[in-house]
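Student: Here is how the chains run, residue by residue.
Protein chains: 2
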Amino acid sequence: MGKKEKMVQQITSMQEDFAQWYTDVVKKAELIDYSSVRGCMIIRPYGYAIWENIQKELDTRFKATGHENVYMPMFIPEGLLQKEKDHVEGFAPEVAWVTHGGEEKLTERLCVRPTSETLFCEHYSNVIQSYRDLPKLYNQWCSVVRWEKTTRPFLRTLEFLWQEGHTAHATQEEAQEETLRMLNVYAEFCENVLAIPVIKGQKTEKEKFAGAMATYTIESLMHDGKALQSGTSHNFGDGFARAFDIQYTDQNNELQYVYQTSWGVTTRLIGAVIMVHGDDSGLVLPPALAPLQLVIIPIAQHKPGVLDKAYEIKEQLSKSVRVKVDDTDKMPGWKFSEHEMKGVPLRLEIGPKDIEKQQVVLVRRDTGEKLFVPMEELEEKVPQLMEQIQKDLLEKARQHRDKHTYIAHTLEEFEKTVVEKPGFIKAMWCGDVDCENEIKERTGATARCIPFEQEDLGSTCVCCGKPSKHMVYWGKAY
Amino acid sequence: MGKKEKMVQQITSMQEDFAQWYTDVVKKAELIDYSSVRGCMIIRPYGYAIWENIQKELDTRFKATGHENVYMPMFIPEGLLQKEKDHVEGFAPEVAWVTHGGEEKLTERLCVRPTSETLFCEHYSNVIQSYRDLPKLYNQWCSVVRWEKTTRPFLRTLEFLWQEGHTAHATQEEAQEETLRMLNVYAEFCENVLAIPVIKGQKTEKEKFAGAMATYTIESLMHDGKALQSGTSHNFGDGFARAFDIQYTDQNNELQYVYQTSWGVTTRLIGAVIMVHGDDSGLVLPPALAPLQLVIIPIAQHKPGVLDKAYEIKEQLSKSVRVKVDDTDKMPGWKFSEHEMKGVPLRLEIGPKDIEKQQVVLVRRDTGEKLFVPMEELEEKVPQLMEQIQKDLLEKARQHRDKHTYIAHTLEEFEKTVVEKPGFIKAMWCGDVDCENEIKERTGATARCIPFEQEDLGSTCVCCGKPSKHMVYWGKAY
Chain F
44 MGKKEKMVQQ
54 ITSMQEDFAQ
64 WYTDVVKKAE
74 LIDYSSVRGC
84 MIIRPYGYAI
94 WENIQKELDT
104 RFKATGHENV
114 YMPMFIPEGL
124 LQKEKDHVEG
134 FAPEVAWVTH
144 GGEEKLTERL
154 CVRPTSETLF
164 CEHYSNVIQS
174 YRDLPKLYNQ
184 WCSVVRWEKT
194 TRPFLRTLEF
204 LWQEGHTAHA
214 TQEEAQEETL
224 RMLNVYAEFC
234 ENVLAIPVIK
244 GQKTEKEKFA
254 GAMATYTIES
264 LMHDGKALQS
274 GTSHNFGDGF
284 ARAFDIQYTD
294 QNNELQYVYQ
304 TSWGVTTRLI
314 GAVIMVHGDD
324 SGLVLPPALA
334 PLQLVIIPIA
344 QHKPGVLDKA
354 YEIKEQLSKS
364 VRVKVDDTDK
374 MPGWKFSEHE
384 MKGVPLRLEI
394 GPKDIEKQQV
404 VLVRRDTGEK
414 LFVPMEELEE
424 KVPQLMEQIQ
434 KDLLEKARQH
444 RDKHTYIAHT
454 LEEFEKTVVE
464 KPGFIKAMWC
474 GDVDCENEIK
484 ERTGATARCI
494 PFEQEDLGST
504 CVCCGKPSKH
514 MVYWGKAY
Chain R
44 MGKKEKMVQQ
54 ITSMQEDFAQ
64 WYTDVVKKAE
74 LIDYSSVRGC
84 MIIRPYGYAI
94 WENIQKELDT
104 RFKATGHENV
114 YMPMFIPEGL
124 LQKEKDHVEG
134 FAPEVAWVTH
144 GGEEKLTERL
154 CVRPTSETLF
164 CEHYSNVIQS
174 YRDLPKLYNQ
184 WCSVVRWEKT
194 TRPFLRTLEF
204 LWQEGHTAHA
214 TQEEAQEETL
224 RMLNVYAEFC
234 ENVLAIPVIK
244 GQKTEKEKFA
254 GAMATYTIES
264 LMHDGKALQS
274 GTSHNFGDGF
284 ARAFDIQYTD
294 QNNELQYVYQ
304 TSWGVTTRLI
314 GAVIMVHGDD
324 SGLVLPPALA
334 PLQLVIIPIA
344 QHKPGVLDKA
354 YEIKEQLSKS
364 VRVKVDDTDK
374 MPGWKFSEHE
384 MKGVPLRLEI
394 GPKDIEKQQV
404 VLVRRDTGEK
414 LFVPMEELEE
424 KVPQLMEQIQ
434 KDLLEKARQH
444 RDKHTYIAHT
454 LEEFEKTVVE
464 KPGFIKAMWC
474 GDVDCENEIK
484 ERTGATARCI
494 PFEQEDLGST
504 CVCCGKPSKH
514 MVYWGKAY
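Top to bottom, those sequences are chains F and R. Heads up, this note's numbering is the position in the first sequence plus 43, with the first residue counted as 1. Heads up, this note's numbering is the position in the second sequence plus 43, with the first residue counted as 1.
Derived from the structure by calculation, the hints contain no laboratory data. All C-beta atoms in this analysis are idealised placements derived from N, C-alpha and C, irrespective of residue type, glycine included. Among the hints, a few may not be true.
As the list claims (entries may be wrong) - Some residues of chain F that are not near chain R, with every Cβ distance over 10 Å (derived):
no.: 1; residue: Asp76
no.: 2; residue: Met514
no.: 3; residue: Tyr521
Said to hold, decoys possible - Think about it this way: if two alpha-carbon atoms lie no more than 30 Å apart in a straight line, the pair counts; the simulated BS3-like pairs of lysine-lysine are:
no.: 4; chain 1: F; residue 1: Lys367; chain 2: F; residue 2: Lys192
no.: 5; chain 1: R; residue 1: Lys71; chain 2: F; residue 2: Lys106
no.: 6; chain 1: R; residue 1: Lys99; chain 2: F; residue 2: Lys367
no.: 7; chain 1: R; residue 1: Lys106; chain 2: F; residue 2: Lys106
no.: 8; chain 1: R; residue 1: Lys126; chain 2: F; residue 2: Lys148
no.: 9; chain 1: F; residue 1: Lys192; chain 2: R; residue 2: Lys126
no.: 10; chain 1: F; residue 1: Lys70; chain 2: F; residue 2: Lys251
no.: 11; chain 1: R; residue 1: Lys106; chain 2: F; residue 2: Lys99
no.: 12; chain 1: F; residue 1: Lys128; chain 2: F; residue 2: Lys251
no.: 13; chain 1: F; residue 1: Lys126; chain 2: R; residue 2: Lys126
no.: 14; chain 1: F; residue 1: Lys269; chain 2: F; residue 2: Lys519
As the list claims (entries may be wrong) - Partial list, computed: chain R residues near chain F (C-beta under 8 Å):
no.: 15; residue: Ser78
no.: 16; residue: Ile85
no.: 17; residue: Val138
no.: 18; residue: His143
no.: 19; residue: Ser168
no.: 20; residue: Asn169
no.: 21; residue: Trp190
no.: 22; residue: Glu217
no.: 23; residue: Pro510
Using the sequences and the hints given, assemble the complete structure.
Tutor: Okay, here's the thing in structure tokens:
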């Protein structure tokens, strides 16, 4: 059994062509399908089940921190979009415009929301009157549209699914606290559920969100050494409040502007999981995220007692893990490959010989390790293994990231590293956008973030040699 | 205490102006807010929490019957929409058209999905090859857009939230079975969760879905005697399969077309709940649906021990019901009114005197009934009461519906009943669309459905006097 019998169509190897490997995996693992709608994807049952787990985990965390879900219209009238100057400049070039309803031409165009700040602001200006109405801690699960030229499943699509949190607070301090609270929620979720380690930090002025005072980000490193912005949290100060006139009466009966935040993660997190954990046999899912955590594959299932035993074990394990029996009439080797492709964390093989010996074979998807486990120990062993796999995946990803994080003291060093060793580059920066632009032009790398955990790598900017202000993580990014 | 202290702004009474009462309730119970987007609504936290409960209950039922969730693009290229003739004729006049992406004019217009049959069909034609791939049992939670001229919150909006099930089967029998299975799931959900009794039946040819072979419906009766179509399930036969070329190889290695169904319910169910159970104090929610099932209102909460006791009871009850303490600094009477407006099924009052007597006061939202309950019996009594309220609401709605269901043997009787006694009218029909049209023209009533439970009310059509084929439920409808 095993690799030799592999009958699922081979995918391109990561080393050979990472982009093609990625495309092969999203298709062969049945995460997505293409449609005749340019740049949009169909999220198939297996892909959507992963998204549902992401939603469930995050939604629990949002509610535990006092947030409530709402639903805003998907359209934004052109006039409303234009109310905040920076915001409209950032988004207007990439929105889809509805110009006709039925046969009738609209007097004002509507854009399909690229993000919903303007709608939340309009609503807040209606419902916030007094300090008693604050804070407002709202979140929305929906789809948004950005008219991208080049697209890739999960990473960059015309339409994508996401959540957008929008909050309003009495003071700037509270808004800042909220901004960082939600960034930490994202980071904890990525590490504990997705098994993806992240760098937390602040975006540069150049990279921040259109209309924000400050943008914070979590950045992760993919297997090919490229960075992926995995979630952002914005402090708006009172900029939107002034543009939309969102005021409240404080305890001294004086009118004050509110302070706002917004924060979001998207289906691109699924892309991150693929590119951080996947291998040449396909997807590798961390147990906390996997729709199916353990698949039972009967060997010689036509032999008496085999299927019964498989169902019995399924019943027994279903109290603690998401489990199913693959009792289709395909060959075991084919089933192995299929579930490897789909990244199921653990495979359980059970055949006549195993039944005789009162044992089963467990095979870890992440390491390929084979374990012979007495049946009586299964109930204890399987949840333990799930925890171990979850932990090991995070550790492996952390090691990969650390191994592919480099330091550059000069621009020459920087350029050489980008070409020869794809990964994060840590380098000092003076804070000047001209240097940021020059680095991008010469190397293709962008400032991923100014990390909260600063390191002292010297006192001069890697680009201009003037005194440095920050240590920055740089990298080529998706 | 009680009504005299009511400080929440009064709403219009149902008797005076039902439409205005409805609008008052959706606003004052904080279910929705209007925005500057014509015909679209903002679903506020309380309204959305109700929708989340609807989703949770239905999604559990869909998964228990083997369905999987997916996500399709929100756009449909004009050419794709036009593939099934009846379907495009039904929907094209009421869709929103995207004509520009960013600065660029599109070569082919995209409509914002009014429903997703065409996208599912295109996908099915890609992923269905063999009988092994069948059945495909997919569902999607999303928002859709129909360019309505006049709109009302929840009942008819430009954009609304819904679920759409789309399935493909090997045989016509299986498709028919599925169509009725899902209609029954809807009916059971409406009765057991929403406490709304429904009439199950088939739509007439005139009223069926654009592109369907047969449409089945559940119809409910609102407090004002108008009907509301509450959910539909369609059998498409192989019509879409032929238009989209969805074929599979059967066990004899022959090519066959698949047979399809689709079925959906929307946020209009929230409108149904409002109009079936509500009263002049606002919303009345059945416990199974209510985001908050019991509110604890401390009386004289500044007195020592009162709030502590309230929190203690909350802890105790939170094992079995969704409960909170309203410890804001408003007057108790104000809190009473607010939670009445929001339809919270049960109110618990606790003050110094109650603590002395080791009892609490429970007040039912649906009947106003006051019960004095010893604290030690609370844990047993509260879940019992929830069940009782749930049951009573359904029974009350059933009685209201039955009381407002009339029989007409002649068109004169029919016309008189429509004017004088709003409700369902049962009458025999010959099956001819001309009679259906004439009835609509003369009375404003439409054929709600040909119920599965047929009754023999005579042998002649209520309109033309020719031999009748069916007993039909008629009514004015939302």
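Student: For every hint, state whether the structure bears it out.
Tutor: Do the hints match the structure? See the list:
Not every CB of chain R is more than 10 Å from the CB of Asp76 of chain F (nearest about 6 Å), against its label as outside the interface. Interface exclusion of Met514 of chain F from chain R stands, the closest Cβ pair being 37 Å apart, more than 10 Å. The Cβ of Tyr521 of chain F lies farther than 10 Å from every Cβ of chain R, with a closest approach of about 21 Å, so its non-interface assignment holds. Between the alpha carbons of Lys367 of chain F and Lys192 of chain F the distance comes to roughly 41 Å, so the proposed pair goes past 30 Å and is violated.
As the CA atoms of Lys71 of chain R and Lys106 of chain F are separated by approximately 24 Å, the hinted pair is consistent with the 30 Å bound. Distance check on the hinted pair: Lys99 of chain R and Lys367 of chain F sit about 23 Å apart at the alpha-carbon level, within 30 Å; holds. Proximity of Lys106 of chain R to Lys106 of chain F is assessed by CA-CA distance (about 24 Å); at most 30 Å being required, the pair is judged to hold. A C-alpha spacing of about 24 Å is found between Lys126 of chain R and Lys148 of chain F, which places the hinted pair at or below 30 Å, so the restraint holds.
Distance hint between Lys192 of chain F and Lys126 of chain R is fulfilled; the C-alpha atoms sit about 27 Å from each other, no more than 30 Å. Our distance criterion of 30 Å between C-alpha atoms is broken by Lys70 of chain F and Lys251 of chain F, whose separation comes to about 33 Å. Taking the CA atoms of Lys106 of chain R and Lys99 of chain F, the gap is about 16 Å. The hint holds against a cut of 30 Å. At most 30 Å may separate the alpha-carbon atoms for a hinted pair to count; Lys128 of chain F and Lys251 of chain F meet this at roughly 15 Å.
Of the supplied pair hints, the one linking Lys126 of chain F and Lys126 of chain R is violated, its CA atoms being roughly 41 Å apart against a limit of 30 Å. Our distance criterion of 30 Å between C-alpha atoms is met by Lys269 of chain F and Lys519 of chain F, whose separation comes to about 5 Å. Residue-level restraint check for Ser78 of chain R holds (minimum Cβ-Cβ distance to chain F is 6 Å; threshold 8 Å). Interface restraint check: Ile85 of chain R against chain F, minimum CB-CB distance 5 Å, threshold 8 Å, status holds.
The restraint placing Val138 of chain R at the interface with chain F holds, with a minimum CB-CB distance near 7 Å, inside the 8 Å limit. Because the beta carbon of His143 of chain R sits about 4 Å from the nearest beta carbon in chain F, less than 8 Å, this interface hint is met. With a cut of 8 Å, the hint placing Ser168 of chain R at the interface with chain F is violated, because the nearest CB-to-CB distance is about 11 Å. The closest approach between the C-beta of Asn169 of chain R and any C-beta of chain F is roughly 6 Å, which is under the 8 Å cut-off, so the hint is satisfied.
Using the Cβ-Cβ criterion of 8 Å, the hint placing Trp190 of chain R at the interface with chain F is satisfied: the shortest such distance is roughly 4 Å. Restraint check, Glu217 of chain R versus chain F: the minimum CB separation of about 19 Å is more than 8 Å; hint violated. The beta carbon of Pro510 of chain R comes no nearer than 41 Å to any beta carbon in chain F, farther than 8 Å, and the hint placing it at the interface is violated.
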